[in-house]
Amino acid sequence: MTDELKNPNIPVPAELEGTVTITTLDKLYNWSRRSSIFPMIFGLACCAIEMICAASSRFDLARFGMEVFRATPRQSDLMIVSGTVTKKMVPQIVRLYNQMPEPKYVMAMGACASGGGPFKEGYNVVSGIDKFIPVDVYVPGCPPTPQALIFGLIKLQEKIDQQSIKSVPWYNSDAIEAIPIPILGPDLIDPRQGSQIAREMAVATEAEA
Amino acid sequence: MAAPATPNTETEVLSLEEKFAGIASPDTREGYEGYIIAADKAEEVVKYIRDDLGYDYLSSVTGVDYLEDDHMEVVYHAFKTEGGPALNFKIQTDRENPRVPSITHLYPAAEFQEREAYDMYGILFDGHPDLRRILMWDDFEGWPMRKDWKEAYYEAETKPFKNRWPGGDVYRIEANNPFNKNVVYPEGFNLNGYNPLGDKTLYDMLNQYDRGGSNLKTDQIVVNIGPQHPSTHGVFRMVVRLDGENVNALKPVFGYLHRNHEKIGERNTWLMNMPYTDRLDYLTSMCNNHAYALTVEKMMGLEVPERADYIRVLMNELTRIASHLWATGFLLNDLGAFQTPMLYLIKNRELILDFFEATSGTRMMCNYSRFGGVAYDLPDTLRDENTMDWLHEMIHERLPRGLEELERFLSNNEIVRTRAIGLSPVTAQEAIALGMSGPMLRAAGVPYDVRRAEPYGIYDRFDFDIPVGTTGDVYDRYLVRVNEIRESIKILKQCLRDMPAKGDIMSVKPGYTHKVPAGEAYGRGENPKGELGFYCVSKGKGHPYRYHIRAPSFINLTGLEKLCVGTKIADVVVVLGSIDIVLGEVDR
Numbered sequence: 000m001t002d003e004l005k006n007p008n009i010p011v012p013a014e015l016e017g018t019v020t021i022t023t024l025d026k027l028y029n030w031s032r033r034s035s036i037f038p039m040i041f042g043l044a045c046c047a048i049e050m051i052c053a054a055s056s057r058f059d060l061a062r063f064g065m066e067v068f069r070a071t072p073r074q075s076d077l078m079i080v081s082g083t084v085t086k087k088m089v090p091q092i093v094r095l096y097n098q099m100p101e102p103k104y105v106m107a108m109g110a111c112a113s114g115g116g117p118f119k120e121g122y123n124v125v126s127g128i129d130k131f132i133p134v135d136v137y138v139p140g141c142p143p144t145p146q147a148l149i150f151g152l153i154k155l156q157e158k159i160d161q162q163s164i165k166s167v168p169w170y171n172s173d174a175i176e177a178i179p180i181p182i183l184g185p186d187l188i189d190p191r192q193g194s195q196i197a198r199e200m201a202v203a204t205e206a207e208a
Numbered sequence: 000m001a002a003p004a005t006p007n008t009e010t011e012v013l014s015l016e017e018k019f020a021g022i023a024s025p026d027t028r029e030g031y032e033g034y035i036i037a038a039d040k041a042e043e044v045v046k047y048i049r050d051d052l053g054y055d056y057l058s059s060v061t062g063v064d065y066l067e068d069d070h071m072e073v074v075y076h077a078f079k080t081e082g083g084p085a086l087n088f089k090i091q092t093d094r095e096n097p098r099v100p101s102i103t104h105l106y107p108a109a110e111f112q113e114r115e116a117y118d119m120y121g122i123l124f125d126g127h128p129d130l131r132r133i134l135m136w137d138d139f140e141g142w143p144m145r146k147d148w149k150e151a152y153y154e155a156e157t158k159p160f161k162n163r164w165p166g167g168d169v170y171r172i173e174a175n176n177p178f179n180k181n182v183v184y185p186e187g188f189n190l191n192g193y194n195p196l197g198d199k200t201l202y203d204m205l206n207q208y209d210r211g212g213s214n215l216k217t218d219q220i221v222v223n224i225g226p227q228h229p230s231t232h233g234v235f236r237m238v239v240r241l242d243g244e245n246v247n248a249l250k251p252v253f254g255y256l257h258r259n260h261e262k263i264g265e266r267n268t269w270l271m272n273m274p275y276t277d278r279l280d281y282l283t284s285m286c287n288n289h290a291y292a293l294t295v296e297k298m299m300g301l302e303v304p305e306r307a308d309y310i311r312v313l314m315n316e317l318t319r320i321a322s323h324l325w326a327t328g329f330l331l332n333d334l335g336a337f338q339t340p341m342l343y344l345i346k347n348r349e350l351i352l353d354f355f356e357a358t359s360g361t362r363m364m365c366n367y368s369r370f371g372g373v374a375y376d377l378p379d380t381l382r383d384e385n386t387m388d389w390l391h392e393m394i395h396e397r398l399p400r401g402l403e404e405l406e407r408f409l410s411n412n413e414i415v416r417t418r419a420i421g422l423s424p425v426t427a428q429e430a431i432a433l434g435m436s437g438p439m440l441r442a443a444g445v446p447y448d449v450r451r452a453e454p455y456g457i458y459d460r461f462d463f464d465i466p467v468g469t470t471g472d473v474y475d476r477y478l479v480r481v482n483e484i485r486e487s488i489k490i491l492k493q494c495l496r497d498m499p500a501k502g503d504i505m506s507v508k509p510g511y512t513h514k515v516p517a518g519e520a521y522g523r524g525e526n527p528k529g530e531l532g533f534y535c536v537s538k539g540k541g542h543p544y545r546y547h548i549r550a551p552s553f554i555n556l557t558g559l560e561k562l563c564v565g566t567k568i569a570d571v572v573v574v575l576g577s578i579d580i581v582l583g584e585v586d587r
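From first to last, the protein sequence lines are chains S and E. Reminder that position 12 of the first sequence reads as 11 in numbering that gives the first Met the number 0, one-by-one numbering, no gaps. Reminder that position 60 of the second sequence reads as 59 in numbering that gives the first Met the number 0, one-by-one numbering, no gaps.
Hints may be right or wrong, so weigh each one.
[Stated by the list, open to error] Mimicking DSS-like on lysine-lysine, the simulated pairs with C-alpha atoms at most 25 Å apart in a straight line are:
id : chain 1 : residue 1 : chain 2 : residue 2
1  : E       : Lys79     : E       : Lys561
2  : E       : Lys149    : S       : Lys130
3  : E       : Lys540    : E       : Lys146
4  : E       : Lys262    : S       : Lys119
[Claimed, not checked] Here are some of the chain E residues that sit facing chain S, going by a computed Cβ distance under 10 Å:
id : residue
5  : Met135
6  : Lys149
7  : Tyr153
8  : Asn181
9  : Phe188
10 : Asn189
11 : His228
12 : Gly233
13 : Gly254
14 : Tyr255
15 : His260
16 : Arg266
17 : Trp325
18 : Leu342
19 : Val581
[Said to hold, decoys possible] Under 10 Å between C-beta atoms, here's a sample of chain S residues computed to sit facing chain E:
id : residue
20 : Cys52
21 : Arg57
22 : Thr85
23 : Val125
24 : Leu187
25 : Pro190
26 : Gly193
27 : Ala197
28 : Ala201
29 : Ala203
None of these hints come from the bench; they were simulated from the model. For each residue, glycine too, the CB sits at the ideal point set by N, CA and C.
Whenever a hint applies, use it, and build me the whole structure from the sequences.
Set out below in C-alpha cells:
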C-alpha cells in the first residue's frame with residue numbers, strides 16, 4: 000500500500016522509511032474511494048445474472064474492493080445498469096440516480112444499456128441509458144462475462160485515479176442539478192424536450208392541414 | 000374457484016361439432032386445426048369443453064390480428080391434466096370494435112393473458128374483473144401488436160432490411176427521429192397542462208377490495224415493493240395493501256422489462272428468433288431454444304437425428320439442474336439465509352455453465368438449437384480432458400455430491416422447515432384452475448409434466464419419476480425442485496449411457512432462411528419453470544406472421560394474489576421466491 004501511494008519526489012528520512020509515507024491528498028483520496036466502491040443491488044435483466052456470478056465465489060469481486068452491494072441508492076457509489084432499459088422503467092432509474100449521493104458513477108453493462116442492443120427497435124425500449132443519465136464506463140457483451148464486468152470496474156478505478164479534488168464537480172460551490180424525471184405519457188416524455196415536442200407536433204399538424 | 004369436473008363417463012360425450020352444430024365449427028383454413036366458436040355462445044361451449052370434454056387446464060390465450068382478412072382472433076389452447084394433445088379453439092371478432100366474452104370465471108388462468116391480449120390488440124373482454132393494460136402503462140397510446148401499428152424506429156415490415164443487407168450500409172436509426180430517441184407522439188401533443196393518469200386505475204382497483212378481517216377499525220397502508228427491490232428477482236413490482244403486517248390485497252405490476260419480443264419476432268426471420276428466445280428466461284436458454292425449435296420443426300415436418308436429440312436432452316436436463324440450483328439458492332436468500340447457500344449452489348451451476356461455454360461458445364445465451372438439430376457437436380476436450388470423461392465425472396460424482404450437500408444442510412434444517420411448511424398452500428384444483436405449471440403445479444399434487452403428458456423429442460425413452468408434493472406450500476415447492484434435480488441426474492446418466500458416439504447433428508443442410516408452410520402450431524416443452532409454449536402462425540413466408548410465447552413464469556403469477564393474501568408482509572418475499580420467476584420471461 001505504501002508503495003502505491005508514495006510520491007517519489009519527496010524524500011523520507013531513512014529512519015522513517017516504511018513508517019511514514021508522503022503523498023498528495025488527491026492520491027490518498029482517490030485510493031480510498033476506488034478501493035471501496037459500493038455498487039447498488041440493481042438488476043434489470045440478463046446481465047444481472049452475470050453480475051451476481053461476478054460477485055459470487057468463483058469470480059469474487061471482493062478481491063478488488065467492490066463487493067459491498069447496497070440495496071439503497073443513498074449508500075451507493077456506483078449504479079451498474081445491468082440490462083435492457085425500458086420506457087416503463089426509466090423514470091425509476093433516473094429517480095434512483097438522483098437519489099445517489101455524490102460522487103456517483105454509472106456503468107452501462109451490456110449491449111442493451113449501452114445502446115439498445117438486440118431489442119433496440121422495440122416500442123418499449125430506450126436505446127441506451129446514456130440518453131438520460133451520464134455514463135462513465137461501457138461494458139460490451141450480451142451479456143458481458145464476469146471477467147468483462149470486472150475489467151470494466153477496473154477501468155472505473157483507473158478513471159477515479161485521474162480525478163482531482165480541485166476540479167471534481169461535487170466540491171464546487173454550484174449545486175448539482177437533479178436530472179428531470181421522465182414522464183410516462185402517450186410515449187416516454189423527456190421533460191427537457193417539452194418545448195421541442197410541442198413544436199414538432201404542431202408542425203406535423205400544420206403539414207397535415 | 001372453479002373445480003375441475005369429473006368427465007362424464009356414463010353417457011357418451013358428444014364431440015364439439017355434434018353438440019354445438021353451427022356454433023362450434025372446425026377450422027378449415029389450410030394448416031389450421033381446432034374449432035371456431037361463435038362469440039355470443041362462447042360461454043356455454045367453453046363450459047362444455049371444461050366440464051364434459053375434460054379439458055381442465057387452460058394453457059394459453061392470445062390474440063392474432065389478421066389484417067388482410069379484416070378480423071381479429073383470440074386463440075385458446077386447453078389441455079387435459081391426464082395428458083394428451085391440446086384442444087384449440089378460437090373466437091373471432093372484427094377489428095373496429097373488437098369484443099369477446101371473458102372466460103376468466105371458467106378458467107381463472109385466463110386473467111392475465113386476456114389482459115395481455117387487451118393491452119397488445121385492444122380486444123375488450125366483456126366480464127373481465129380487472130381489464131387494464133398489463134405490460135404497457137395506462138397512458139400509452141396505441142395497440143402495439145396490431146399489424147398496422149408502427150413503432151418509432153420502424154424501418155421495414157420484415158428483416159433483413161434491404162438497405163443494410165447484403166450491402167452493409169449501417170447508420171444510426173436515431174438520426175431519423177426528430178427527438179433522437181425511440182419515441183413518437185400524437186399530433187398536436189403538448190406537455191403543458193398534460194396530466195397523465197399514472198397509477199390511478201391501479202390504486203382504484205386495489206381499494207375496491209373488501210376490507211375483511213376483524214371488526215376493529217384499523218389503518219390500512221399501501222406499500223409498493225419494487226420495481227427496484229432486492230427481493231423481487233428483477234424489476235417486478237407488487238403493490239400490497241397492509242393491515243398491520245397482514246396482507247389483505249396485492250396487485251402485481253408487470254412490464255418493467257417488456258422488451259417487445261413478439262413484435263420484434265414478427266419482423267425477424269424464423270431463425271433470427273432463436274437468439275431472442277435465449278433472452279426470455281435467461282437462466283434456461285437451452286430449454287427455450289429447444290421448445291422454439293420443436294414448434295418450427297412441427298410446422299416444417301422436420302425430423303431430428305438421434306444424436307442431436309440426445310444432445311438436446313443432455314442440455315435440457317443440465318439446464319434444469321442449473322435453474323433449480325439458482326432458484327433454491329435465491330429462495331434461501333429470501334428466507335433469510337443471506338448469500339451462503341446461494342454461493343454454494345452457484346458454484347455447482349458454474350460447472351454446468353463451463354460445459355455450455357465449451358459447447359456453444361457462451362455461458363448463458365447459448366443459441367444452440369437449430370431447426371432439424373443442433374448448431375455444433377460436443378467438443379472433443381474440455382479443460383484438457385476428454386469431454387465425455389469430464390461429463391461422466393460431473394454427472395456421476397460432482398452433481399450428486401452437490402445435491403447430497405444441499406439436502407443435508409437444507410431439507411431437514413429446522414429453520415427452513417418452520418418457516419416454509421404450511422406457508423401459502425394451494426390445492427390441486429386451485430393450481431390447475433390458476434394455470435400454474437412446472438414445480439408449482441406438481442407441488443400441489445398434480446403429476447403433470449409435459450415430458451410425460453405429451454412426450455417430445457426422445458423423452459419417452461427415459462426412465463424417470465415425476466416428483467409431486469402434497470400441500471403445495473413453499474416447502475413442497477422447494478422439495479419438488481430438489482427431487483427434480485435428482486430425477487434429472489437420473490435422466491442424464493441414461494442419456495450418457497445411450498448416446499450414440501458418432502452421428503449427424505443436423506437432418507437438413509444448415510441455412511439462414513426457412514420457408515415454413517402456411518398454418519399454425521403450438522409447440523411446448525417442460526422448462527424448469529413450467530410449460531413454455533410457442534404459438535406460431537405462418538403465411539408461408541420467411542418470417543412468422545404471429546409469434547406468441549406462453550411464458551410459464553408469467554402465468555404462474557396469476558395465482559400470486561391468492562397465494563399472498565392472508566400471509567404476512569415478510570412472507571410475500573418468500574412466496575415470490577418459491578414461484579421462481581425470471582423477469583425476462585414474465586414481461587417478454
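Against the structure, the hints come out as follows:
1. E:Lys79 <-> E:Lys561: holds, 23 Å
2. E:Lys149 <-> S:Lys130: Answer holds: E:Lys149 to S:Lys130 is near 22 Å, not above 25 Å.
3. E:Lys540 <-> E:Lys146: Holds. E:Lys540 to E:Lys146 sits at ~16 Å (cutoff 25 Å).
4. E:Lys262 <-> S:Lys119: At roughly 12 Å apart (the allowed maximum being 25 Å), S:Lys119 and E:Lys262 satisfy the hint.
5. Met135: holds, 7 Å
6. Lys149: Holds: closest Cβ of chain S sits about 9 Å from E:Lys149, inside 10 Å.
7. Tyr153: The hint holds - E:Tyr153 has a Cβ within 10 Å of chain S, the shortest such distance being about 8 Å.
8. Asn181: Check passed: Cβ of E:Asn181 comes within 5 Å of chain S, closer than 10 Å.
9. Phe188: For E:Phe188, the interface hint holds, since the closest Cβ of chain S sits about 5 Å away, which is under 10 Å.
10. Asn189: Hint on E:Asn189: holds, closest Cβ of chain S at ~4 Å, below 10 Å.
11. His228: holds, 8 Å
12. Gly233: holds, 6 Å
13. Gly254: Nearest chain S Cβ about 5 Å off; hint holds.
14. Tyr255: holds, 4 Å
15. His260: holds, 8 Å
16. Arg266: Nearest chain S Cβ about 8 Å off; hint holds.
17. Trp325: With a closest approach of 8 Å, the E:Trp325 hint holds.
18. Leu342: holds, 5 Å
19. Val581: holds, 9 Å
20. Cys52: Result: holds, 7 Å to nearest chain E Cβ.
21. Arg57: holds, 5 Å
22. Thr85: holds, 6 Å
23. Val125: holds, 7 Å
24. Leu187: Interface hint status for S:Leu187: holds (5 Å vs cutoff 10 Å).
25. Pro190: holds, 7 Å
26. Gly193: holds, 4 Å
27. Ala197: Interface hint status for S:Ala197: holds (4 Å vs cutoff 10 Å).
28. Ala201: holds, 7 Å
29. Ala203: holds, 5 Å
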